[in-house]
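*Asks:* Okay, here's what each chain looks like letter by letter:
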Amino acid sequence: MSDTGIGARVLRKEDKRFITGKGQYTDDINLKDQTYAYFVRSPHAHATIKAINTAKAKKMPGVVDIFTSKEVEEDKIGGLICGWMIHSKDGSGMKAGPHPILASGKVRFVGDQVAVVIAETREQAKAAAQAVAVSYGVLPHNVDAGQAMKTKAQVHDVASDNRVYNWSIGDEAATDAAFRSAAHVTKLDLINNRLIPNAMETRAAIGSYDTGSEHYTLYTTSQNPHVARLVISAFHGLAPEHKLRVIAPDVGGGFGSKIFIYGEEVTCVWASKRIGGRPVKWTADRSEAFLSDAHGRDHVSHAELAMDASGKIVGLKVHTIASMGAYLSTFSSCVPTYLYATLLSGQYDIPNIYAEVDAVYTNTAPVDAYRGAGRPEATYLLERIVETAARELKIDPAEFRRRNFITQFPHQTPVIFCYDAGDYGAALDKALELSDYRNFASRKAASAKNGKLRGVGFSAYIEACGIAPSAAVGSLGAGVGLWESAEVRVNAVGTVEVLTGSHSHGQGHETTFAQLVSERLGVDINNVAIVHGDTDKVQMGMGTYGSRSGAVGMTAISKALDKIEAKAKRVAAAVMEASTDDIDFKDGTFTVKGTDKKMAFGEVALASYVGHKFNSSEIEIGLKETSFHDPSNFVFPAGVHICEVEVDTETGLTKIASYTAVDDFGTIINPMIVEGQVQGGVAQGIGQALLEGAHYDRDSGQLLTGSYMDYNMPKAANMPHIENFKLGFTFTKCPSNPLGMKGCGEAGAIAAPPAVINAITNALGVRDIAMPATPLTVWNAMQPMKRAAE
Amino acid sequence: MENFNYHRPATVNAAAALLKKSKGGSYMAGGHTLLPTMKQGLASPSDIIDLTAIKGFSGITIGKSAVVVKGGTTHMEVATSAAVKKAIPALAELAGKIGGVHVRHKGTIGGSIANSDPAADYPSACLGLGATIVTNKRKIPADAFFTGMFQTALKDGEIITEVSFPIPKKSSHMKFPNPASRYALVGVFVSQDAGGKVRVAVTGAGPKVFRVPDMEAALSKSFAVSALAGISAKAKGLNADMHATAEYRAHLIGVLARRAVEAAK
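Sequence lines, in order, name chains A and B.
Residues 1 to 790 in our numbering are what the first sequence lists, from first letter to last.
Residues 791 to 1055 in our numbering are what the second sequence lists, from first letter to last.
So that you can see chain A by itself, here it is in the shape it has in the complex (with noise of 0.2 Å):
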């Protein structure tokens, strides 16, 4: 291992120009002669638009121009698009209601985007918006996902009973029949909060167009540009791929809400034609972003597992219904299906399981993928019923997950996967090690003493990540593929840069791909540039989400870095008239066998490029190589989480004791960053159990938890003190890439929320209580104990 290389802690290339305030967001992109856009939004959840009176607004000073769905429809916009078909039982196509850039005729959820003001300023924009009068006619709502198949508000005509899909997976008949010989089953229901994603930086972009070359650009906050253009220019209409170009520079964080297209961006680029082409800058403000961004999870879920006699799971039957929104967005219809009921199985040989979803439209912002996306779902599910299962057959939770383990690879589920690596006692093993287990008791007693509750919870995860393989996602309604691109382009003086088409907001490529850069080809990692989320640049890419940056796309940079490795040693062999055979490459150097005749990488590079050392004709001039990467197979990253809370038992406080995260991620490139991701999709699944809940109002539809006033984002007080935050690895190699990486960026999200909820419900002696566990929650939760005890 290199002082850069596979392996190092080397600290975060990017880091100096984020934390000195250098960093280059979308907000900080100024162009000539720039306007503003300000979007008027629905403070109803439920009404038609009978009129939008804009004549007054449009004479307020600095006004450029208003527009509303009647300009979208004259300019012939195309709507968003959901990207994924989801077929129902029944083999129906998925009810997809119309979704234009500006609402239609209706509005649906409170925010949704009715008119947007261009103006000279930001505040003029916002004042004028303010002076739009809209007429509406209110409507029944309805924002809870549970209610959505009974209630009388229809959120789109196409979906009568409010039902997007009827979905199902498994073999229901061998499903029921392993239910009926069980000795024992186990029954939960369960409600998975709707969370809203909280990047720290919120949406925004530029729309620019060229009147001269009829040429768009598109500065935004997306964590795949090339899908964002290639959705543009295919679906909106707006301009063919050679004519737009979309750039996504620093992003600060995703977490899965810049996947989309949403219509304010969109909405951007259109505009700045339609004023004469003038650039169009928007930037949501926070509580835009809590009303617009697309929010994640939202399920209610009944599950049935079944055992035998020994404790052995023989079946398992879930019911969940997936709130999906007023919308589809872009990928939200394959997150309550295939990257969610296929993980069902977990870690554990379940030899039945069926499980059936239906995905309902509620009067509220539209529901997508947000970090782990469908995963921590099926693994909340899992590890609340198969705990429950544990407690109620009086084994103990550690031993009826080992009795449960799959332990020979590859491992086919009935739920589609094929895991093709793993250990998952070996992570058991280590996490009872690390967090100390056999001497919980004593722990729970010292607690006691103090007047508080302890309880220990498990989780033991898989999440089915690196997303994927193209014919595989192809088959199961997939719009696009999901490998992954790279460019290796070797600069004459040795240095070398990469162009990528994953996108990097936050995950610290710019350092871990160079680390692999460093390894591979010998050179200092401040000699390696990591190029990404610009289309002029990169030239086609599928960006950065569900962990597959390290298994796509580093392994698209290795594969081209072969390549690289190839023509070099061509170039070296003709320079040193050698055979290429003969040439060996180590360390940055290439040498001859048998003889003392070396070249550094840098000479070869120069003699590329200089070529008289050479016959062109032969070899080409050049050290640049390009490689798509389709995966072979998903990767699956597992572990075994275990936390510890302490129950102030007057107060309902729950506070994190101890929190010991051991994770199976294959190879690891920089521990230092991968650590941290542990730790920060540990506290955002600390956020989900504890803290975070979006809230719409029943009776009025409003997003109660529209500010940090009310929504409880994770503070490094809530999380466990750092000494008894235990991190530890284990490592089975990932067989589908030739790295043996499986993905780190979501596990932590995954686990965490089983792990905590568990630990409180041991704690109170309870079967179940919601997320997030609020002190007001966990108080009520315990009046039902104190009253029986007095």
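The hints are simulated quantities; they were obtained by calculation from the structure and are not laboratory data.
Owing to the predicted nature of the structure, the values given are computational and were not obtained by experimental measurement.
A couple of the hints might just be wrong.
So these bits of chain B aren't anywhere near chain A, every CB distance computed over 12 Å [stated by the list, open to error]: (1) G815; (2) P826; (3) D837; (4) A934; (5) G1044.
Calculated pairs, EDC-like style, for lysine to aspartate or glutamate (alpha carbon to alpha carbon, straight line, at most 16 Å) [unchecked claim]: (6) A/K613 / A/E603; (7) B/K829 / A/E288; (8) A/K430 / A/E399; (9) A/K273 / A/D65; (10) B/K829 / A/D285; (11) A/K126 / B/E792; (12) A/K786 / B/E1037; (13) B/K829 / A/E123.
Don't be surprised by glycine CBs; every beta carbon is placed ideally from N, CA and C.
With chain A's structure known, arrange chain B on it following the hints.
*Replies:* For chain B alone, coordinates are given in the frame of chain A:
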């Protein structure tokens, strides 16, 4: 936010004159409530009269029987004052629990009290210690000062120049923060004066800061946790929202009062 005229007077009288002359002006101390409401368009004063440049407007003096905090004194000054920590440790502790570090460096005692936010911390110290609020016109006892939600006895143009806190024999402040905002979901300030009389003031739980007479009477007889046995705050009239029901708030008043008595020093 609407445009406004900004003034930075050097004396209390000049500030009062500027306000009187303005069409619809507002004083600003720390600005922690005023500026957010202006940004949200909920307030649009014609003039902002910034009080922070007034000479002698901040500072702390410790008398024989009282701690006097000038109106423009920041929370950080109170929280870190060695003299306050010695005279009324609970007051310094309370100031140290307001907001975050940035807030404590800008927010002022006068601004906090004048705003009478039902979940603010300082009003509980004023009421719990029986403070006197001194303005450029008069002296107002804390018991008469907080008149309602965001309502005080201050008349138009009146400026809080100082707050005088009697030094108690013992006092303590307990706060259970709102999990999201960190304002007081419930805060309880307990003090016992030299003569043994006890005050119990509660913030966060009702429309305004209030005292709990049952608890005060019991603790005045015997300043011990056991004296509170069987006394519970009534849920009726308390705030209810997604973070806490009225019953939960009433329960927390009891818990925090007991903890405050136990910790009083």
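*Asks:* Does each hint hold? Answer for all of them.
*Replies:* Here's how the hints hold up against the structure:
1. G815: holds, 21 Å
2. P826: violated, 10 Å
3. D837: holds, 19 Å
4. A934: holds, 30 Å
5. G1044: violated, 9 Å
6. A/K613 / A/E603: Satisfied, since the Cα-Cα distance of roughly 12 Å is no more than 16 Å.
7. B/K829 / A/E288: Distance ~14 Å between B/K829 and A/E288 Cα, so the pair holds.
8. A/K430 / A/E399: holds, 14 Å
9. A/K273 / A/D65: At roughly 12 Å apart (the allowed maximum being 16 Å), A/D65 and A/K273 satisfy the hint.
10. B/K829 / A/D285: Holds - the C-alpha atoms of A/D285 and B/K829 are around 11 Å apart, at most 16 Å.
11. A/K126 / B/E792: holds, 11 Å
12. A/K786 / B/E1037: The hint holds at about 15 Å.
13. B/K829 / A/E123: holds, 11 Å
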